[in-house]
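These protein sequence lines map, in sequence, to chains A and B.
Residue 1 is where the first sequence starts when you use our numbering, and the numbers rise one by one after that.
Residue 1 is where the second sequence starts when you use our numbering, and the numbers rise one by one after that.
Keep in mind that the hints are not guaranteed to be accurate.
[Stated by the list, open to error] Straight-line distance between alpha carbons at most 35 Å, and here's what the computed DSBU-like set of lysine-lysine pairs gives:
#1 B/K161 to A/K224
#2 B/K76 to A/K228
#3 B/K161 to B/K228
#4 A/K161 to A/K21
#5 B/K224 to B/K303
#6 A/K161 to B/K224
#7 A/K224 to A/K161
#8 A/K161 to A/K228
#9 B/K161 to A/K228
#10 B/K224 to B/K76
#11 B/K161 to B/K21
#12 B/K308 to A/K161
#13 A/K161 to B/K76
#14 B/K228 to A/K76
Derived from the structure by calculation, the hints contain no laboratory data.
What you are looking at is a predicted structure, and each value in this text was computed from that prediction instead of being measured.
There are 2 protein chains.
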Amino acid sequence: MRGAVLYGPRDVRFEEREAPKVIESTDAVIRISATCVCGSDLWPYRGIQPVTQPTPMGHEYCGIVEDVGRAVTSVKPGQFVIGSFFASDNTCPNCRAGYQSSCQRKEFVGTAQAGRLRVPLADGTLVATPAVPSDDLIPSLLTLSDVMGTGWFAAEAANVKPGTTVAVVGDGAVGLLGVLSASQRGAERIIAMSRHESRQRLAREFGATDIVTERGDEGVARIKELTKGVGADAVLECVGTQESMMQAMRSTRPGGSVGYVGVPHGVELNGEELFYAHVRLHGGPAPVRRFLPELIDLVWNRKINPGKVFDLTLPLDQVAEGYRAMDERRAIKTLLRP
Amino acid sequence: MRGAVLYGPRDVRFEEREAPKVIESTDAVIRISATCVCGSDLWPYRGIQPVTQPTPMGHEYCGIVEDVGRAVTSVKPGQFVIGSFFASDNTCPNCRAGYQSSCQRKEFVGTAQAGRLRVPLADGTLVATPAVPSDDLIPSLLTLSDVMGTGWFAAEAANVKPGTTVAVVGDGAVGLLGVLSASQRGAERIIAMSRHESRQRLAREFGATDIVTERGDEGVARIKELTKGVGADAVLECVGTQESMMQAMRSTRPGGSVGYVGVPHGVELNGEELFYAHVRLHGGPAPVRRFLPELIDLVWNRKINPGKVFDLTLPLDQVAEGYRAMDERRAIKTLLRP
């Protein structure tokens, strides 16, 4: 079986890897229908996160179950399934509290850019769709594995409710799906922060009511201007840099919330500033498993179409071009078909 | 009129100050019935927060209205009133959202260790009790001006609800009243972190079910042990140091909340640790004005007795001894009577 392997900065190769098989009795092996490149894959791809050895890549996946261990009872061969990038048992106290991405037995699922994938803790991790989906639904179902679940969690963590004013920092796929999530949750006003025309267009399609092109302090000033000097009720931080985190915090009204899902790289928060800002902070790796049933339902019934974030589709063997296109911001997100 | 003035580290003097009078039409002048020394007064007293000029002290107060400006309509001379350490108009968007300590017109009320006090924005800041209270209620009513409202906010910010497991970091007056607040809000289990016997006793009286004497990593390990490895649902951070903040964060379960009210001194939060901790963070200067009606009611009807945190009562002219006793941890909190 061939799959993507990252060797070092900007060096992704599509090469022979060991075929996955059931190892633990709780495993499943699935045949990948679609996988994709995540914004967070770009951190190691760009060398910002060091790569010490050849590393198989990919943590977003959906596909057909091929084989299951003898302890697996909730999914069976032939079913179409979606799972989170963190395998979880869905029974430990953290899972029961809705934080499956902090499962006491969590395992990162990191080899999905390939034809087949071993998924540990299959009962707790995978959710089957009502039937094998038609082909046009697959991109949207794939987003539920991470990017849409992450945008959804950002909106939830930021307490987006009907009537609220929301600002979204970051116009990558997560930010854009944060806009869609805020809209689904009834936000009255959604300010997307973006300076790229194609992304602005998609943001508007997903429900953004305002676009702010300024960044940093100027971006904060614009948000304040748009909210009568008060700040937004909810701000979704979908980048993970010091600048984006500060922009998010300073755009939030006292008593408002920042939902942060961008994996932090070098972010430090000053306790005193946070104290006097009076904001709520919540975030982390999205517990997408919690949201899968609800989001599958929304996609299945064609209420939402998050698959629109894929503006480039390539055969899996062109995975290297998929990374390049995202790195150079020629593509928002690359879908890969084995 | 005489009042307390801080000249430099450990140099508090009781000396002649200008008598306060109504300056703005929205002011009130009150005759102080009782005031006290706050844990946060110890930061400048100890020289950790520099004092650049002789500084009048005191921000906790209750007393009888003596005079009001012509625009004041909600309180009148003769009434017994309590106010927050931040004057607020109680009408701006931040006040309406319940964050009066981020009022767009907020003013710090910092000269309360004296016989009389000017309170700006009296209509928005002061709340009158149903009648002039009997003397024995005054200590508890005084706590509502800051320390009890702050403990209450910590519990609210940490989402303390019926049935939750709560840990309280800090056994000063705020921490102890955090215990009382958590108990009032129906917490099932309240773990007080304290190594001082008299404070442990008061914590138990206020509702603590467990005492943990360990600190830092050992303290965290004890909390984990007491919560089956998961962590507390809600942790109240009532100190403001790097160690206490880390202790609070690391004692919280994924999806749980830290309510932090200790004024941060040199606290820095690592974004990555916060991200993977999955905790919620909320806090800041307590909007005690929001809680005054409810808390006055609880004290007035003798449902709570937060005044027990005062274990030293002195005449105001012995204010310097009041600071010393707290600095040396001989007293939890000093009440001062003009």
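Quick rundown of the hints versus the structure:
| no. | hint | result |
| --- | --- | --- |
| 1 | B/K161 to A/K224 | 33 Å, holds |
| 2 | B/K76 to A/K228 | 34 Å, holds |
| 3 | B/K161 to B/K228 | 20 Å, holds |
| 4 | A/K161 to A/K21 | 44 Å, violated |
| 5 | B/K224 to B/K303 | 32 Å, holds |
| 6 | A/K161 to B/K224 | 33 Å, holds |
| 7 | A/K224 to A/K161 | 20 Å, holds |
| 8 | A/K161 to A/K228 | 20 Å, holds |
| 9 | B/K161 to A/K228 | 34 Å, holds |
| 10 | B/K224 to B/K76 | 52 Å, violated |
| 11 | B/K161 to B/K21 | 44 Å, violated |
| 12 | B/K308 to A/K161 | 41 Å, violated |
| 13 | A/K161 to B/K76 | 41 Å, violated |
| 14 | B/K228 to A/K76 | 34 Å, holds |
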